[in-house]
Amino acid sequence: MIIKTILIFLIGLLGYSEWLLGTSFLQRPIVLGPLVGLVMGDMQAGIIMGATLELAMIGAVSIGAYNPPDLISGTILGVSLAISSGAGADAALTLGIPIATVMLAVDTALGQPIMLFFIHRCDKHAETGNIKAFNRSMFIAGYAQSIFGIICIPLAFYFGSSAVEKLLGVIPEFVQTGMDITAALLPALGFAMLAQTMMNKKVAPFFFIGFFLVAYLKISTTGVAIFSILMVLMLIMFGVIGKQKGEAIVAAEEDGGDFDEF
Amino acid sequence: MNFSVHSNYEKKITKGDLKKVFWRSIPFEHSWNYERMGNVGYTYAMYPVLKKLYPDKDDLAQAMKRHLTLYNVTPYICTFPLGISAAMEEANTMEEEFDTESIGAVKSALMGPLSGIGDAFFWGTLRVIATGIGCSLAMKGNILGPLLFLLIFNVPHYFLRYFGTFLGYKLGSESITKIMASGLMDSVMEAASIVGMMVVGAMTMDMTAINFVTKIGSGEEATTLQDLLTDIVPGLPVLGLFGLVYWMLKKKMNPLLIMLVMLVFGIVGAFFGFLG
Numbered sequence: 001m002i003i004k005t006i007l008i009f010l011i012g013l014l015g016y017s018e019w020l021l022g023t024s025f026l027q028r029p030i031v032l033g034p035l036v037g038l039v040m041g042d043m044q045a046g047i048i049m050g051a052t053l054e055l056a057m058i059g060a061v062s063i064g065a066y067n068p069p070d071l072i073s074g075t076i077l078g079v080s081l082a083i084s085s086g087a088g089a090d091a092a093l094t095l096g097i098p099i100a101t102v103m104l105a106v107d108t109a110l111g112q113p114i115m116l117f118f119i120h121r122c123d124k125h126a127e128t129g130n131i132k133a134f135n136r137s138m139f140i141a142g143y144a145q146s147i148f149g150i151i152c153i154p155l156a157f158y159f160g161s162s163a164v165e166k167l168l169g170v171i172p173e174f175v176q177t178g179m180d181i182t183a184a185l186l187p188a189l190g191f192a193m194l195a196q197t198m199m200n201k202k203v204a205p206f207f208f209i210g211f212f213l214v215a216y217l218k219i220s221t222t223g224v225a226i227f228s229i230l231m232v233l234m235l236i237m238f239g240v241i242g243k244q245k246g247e248a249i250v251a252a253e254e255d256g257g258d259f260d261e262f
Numbered sequence: 263m264n265f266s267v268h269s270n271y272e273k274k275i276t277k278g279d280l281k282k283v284f285w286r287s288i289p290f291e292h293s294w295n296y297e298r299m300g301n302v303g304y305t306y307a308m309y310p311v312l313k314k315l316y317p318d319k320d321d322l323a324q325a326m327k328r329h330l331t332l333y334n335v336t337p338y339i340c341t342f343p344l345g346i347s348a349a350m351e352e353a354n355t356m357e358e359e360f361d362t363e364s365i366g367a368v369k370s371a372l373m374g375p376l377s378g379i380g381d382a383f384f385w386g387t388l389r390v391i392a393t394g395i396g397c398s399l400a401m402k403g404n405i406l407g408p409l410l411f412l413l414i415f416n417v418p419h420y421f422l423r424y425f426g427t428f429l430g431y432k433l434g435s436e437s438i439t440k441i442m443a444s445g446l447m448d449s450v451m452e453a454a455s456i457v458g459m460m461v462v463g464a465m466t467m468d469m470t471a472i473n474f475v476t477k478i479g480s481g482e483e484a485t486t487l488q489d490l491l492t493d494i495v496p497g498l499p500v501l502g503l504f505g506l507v508y509w510m511l512k513k514k515m516n517p518l519l520i521m522l523v524m525l526v527f528g529i530v531g532a533f534f535g536f537l538g
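Listed in order, the protein sequences are those of chains A and B.
This note's numbering puts the first residue of the first sequence at 1, with every later residue one more than the last.
This note's numbering puts the first residue of the second sequence at 263, with every later residue one more than the last.
It should be emphasised that the hints constitute simulated quantities derived from the structure, not laboratory data.
In this text, all values refer to a predicted model and were calculated from it rather than measured experimentally.
One should not assume that every hint holds.
Now the stretches of chain B that chain A is said to cover, found in silico as 3 or more residues with beta-carbon under 8 Å [unchecked claim]:
| no. | stretch |
| --- | --- |
| 1 | 290-302 |
| 2 | 323-332 |
| 3 | 409-421 |
The C-beta atom is built at its ideal place from N, Cα and C for all residues, glycine as well.
If we strip away everything but chain B, and leave its shape as in the complex, we get (with noise of 0.2 Å):
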């Protein structure tokens, strides 16, 4: 694959700017609204891009109004299609009959995909594990739970958020057209997925806890309703409840509300004993 399109900073933008769009970058969630996400982030972002790019006043408005549009991306990767947006721009700048469209076409394309694989990295694999290591700390009262989940989390996250800016530039939009047909996104996503799915798999049996203390049987023979069921599969009553809290959420009902249907079934089997 061809890449040397945007690599050299022979052109207008220089690494400089581009810093200066992962500096901007951070604030990227703090305006997401529901009418148009991320958008005030975005262009806050691109303008010192698009500042240099156009001196003139109106060309800057109307620069800024183009990235004024609807967008969501995961906050960690948002970087990537801004280093992406900054090559068009500077693309528009250098070619007559650039068409201005494909720049909000080829940011809204990577949505999706993009959005995907960051969700299931950030969200679903690099939380998770920060989470496992540092509850499993904290919950002893250490302090170096919090800082580790801090660490494990951060590290990778600003690693990528820095060398997003750079790649999205570097790659521009020619590059990304060829990458998303080539189905490399969708392997990338499938990977993730994977390692995704096996932690949360973990974390599942590992974190969640349910106890059927009932009695069964008397005597010498006396066991709870839990030894007979972990008997059967390590791990039965935890899988059950995930398959009905799954199957809850199958069915579109509201999060909040199965949360108040745990509550009430906790504070029911406390009543009547029959979980501990």
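Extracted from the complex, chain A is given alone in its bound form (with noise of 0.2 Å):
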């Protein structure tokens, strides 16, 4: 169990090190959960859950200003419970959204004012030409948000395990298949947030396009992604899109002659 929640603590570390790693996109479920489930011996059941999680929460992404809720803490906790509690995917399911959605809260109250004051401290460094501090106050800022789940992730694991079994057998069987509908349901919100980031009256048509590719013809989501790309070269082919381009830079090259005469 010690040696679990050691590992349990470096998936934890990874995925909080997803930004130190280039936004790679490690901490998303359907790559936290197989390792999970790696730990807790059920390689596969991890796999599972965790594509179940990413599916659900297709949509959390920082888009403009809305802070997803802190997926790494609900994956690893509900894919780690469920496993161990011997339950199924929708038990991940059904721990994994409260707490990643309780930990977005601690995160943004107590997390962001710890990283604020060791920005405030890189500021300090940059004036007083000390490199070697500003990378370091850079360093720690990073974590310092993410200090309360690096910390409660193994602890919940730890001493959760034993209170999560009688939870989820004193959860009625509704509550679960619910969960499971609504695990359906939820990537609707995720690709509504993302379709309003790109809606306008002139690419409108091209969701419904898509959407109605897949329910008439029942194309996978790679045929449509081939076609719309074909499509878009067709739409650069026949100048429906870039069309003001050519004249803007006919004139934009005239500006720079102008500006060679100088």
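Hints are included, so try docking the two chains, each in its own frame, into the full complex.
The structure is reproduced here in structure tokens:
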């Protein structure tokens, strides 16, 4: 159990290193799920639970001012506790989503102010030219924000397992079925949020083309992606996109010409 | 268009310096904060260039301070404005009358359009495709799912991040102002949005599920509400759900609140047995 807790702590640390490692999506449930599964001795379950959480949380990316739930704590605790109590993917959802939501609140309320303290230290170090201290403050700042998650994940895992087993026992059947139904509904929220950032009158019809291609013809997402790229190429060829571009470039070049005469 | 302004590394900044900028751009979002967002990350990445250009300690401190102002961009293409800033800082050390304020001005002007393209391409399109392919495999318990997810996203990501550095530097500030004025940025954004929208539409239908199991009619002719709806137009229930959520977001409802509403709806639906 101690070894497992340490490994869980390391997975948490990896998750919170996401932004240090290039925002490469290492923190997504689809990646963390299998790692947790491996530690818990059931990788297969980890992969499936990770994918289930991934789909439910597909909209959980920081778009605009929206800050998504903390997927790292949600995935690690949801998957590990679900596996240790012998429950299925629906239990990972039932546990993971509330944990992720609570952790977001903790990070925003407590983690961010600590982080800002170190960000202000960076200003000071830049002024005095102390680059080593600048780098150090930057490094600490990033982890300061997630410090509660880093600490809470192994603790909750160590002390929570038995409690969760009892908890899952008393949760009525329909609540877990309800969580399953909700998980299938949630992607709509994610896609609606994505669509909203891109939506304007010019591109709105393309949403429906994609939607009904799948609804009527059951084409896979990859297929739609290929068709959409080809379609965009066609639109460029026929000059629908970038029509104003050609004229403007000429104008810009003329500008440049004028510049040279000076 | 004249791209030759900075195309040869005959000035102070070498290709190696720019490579350093690329490597140091990787933790760009590590210190992302609500106050000035990517300011520290940007300065951290700029450091090798600044250090070379400003041997004097005071000048260096000034330059760093200049980049510690608010900055935000999709992290995957942050090297592009970094490259431009590098070219401008270099120009600053070579031209007597260079206005340092223009460095910040060009940076800020790029923030909106670059994030627009970056968000539409990386978050709207590439991630959604990676998730779609990854999840369809992972749902069957296949380890290739998570691996492909990471590869599909990160190969283009690091490719663009790497070359963005050099592209930004080569374009410099002059050409970028021309490109912005030419509307090329808008066209790229439109193209990325079209692909993004189609994929999002496809994924909405593919990944979302709602099933009204209420029985209609009796005996032989009994059918569910779901069948009735999908007989009219396939995907109608999902489209209705999507429309409702979209409307809620438009009414400025908090996404977390919408999530809660869905949760209650799902559980109530399971309790009364009209959803399955």
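For each hint, the structure was consulted:
no. : hint    : result
1   : 290-302 : holds (count 11)
2   : 323-332 : holds (count 4)
3   : 409-421 : holds (count 6)
In this structure, every one of the numbered hints holds.
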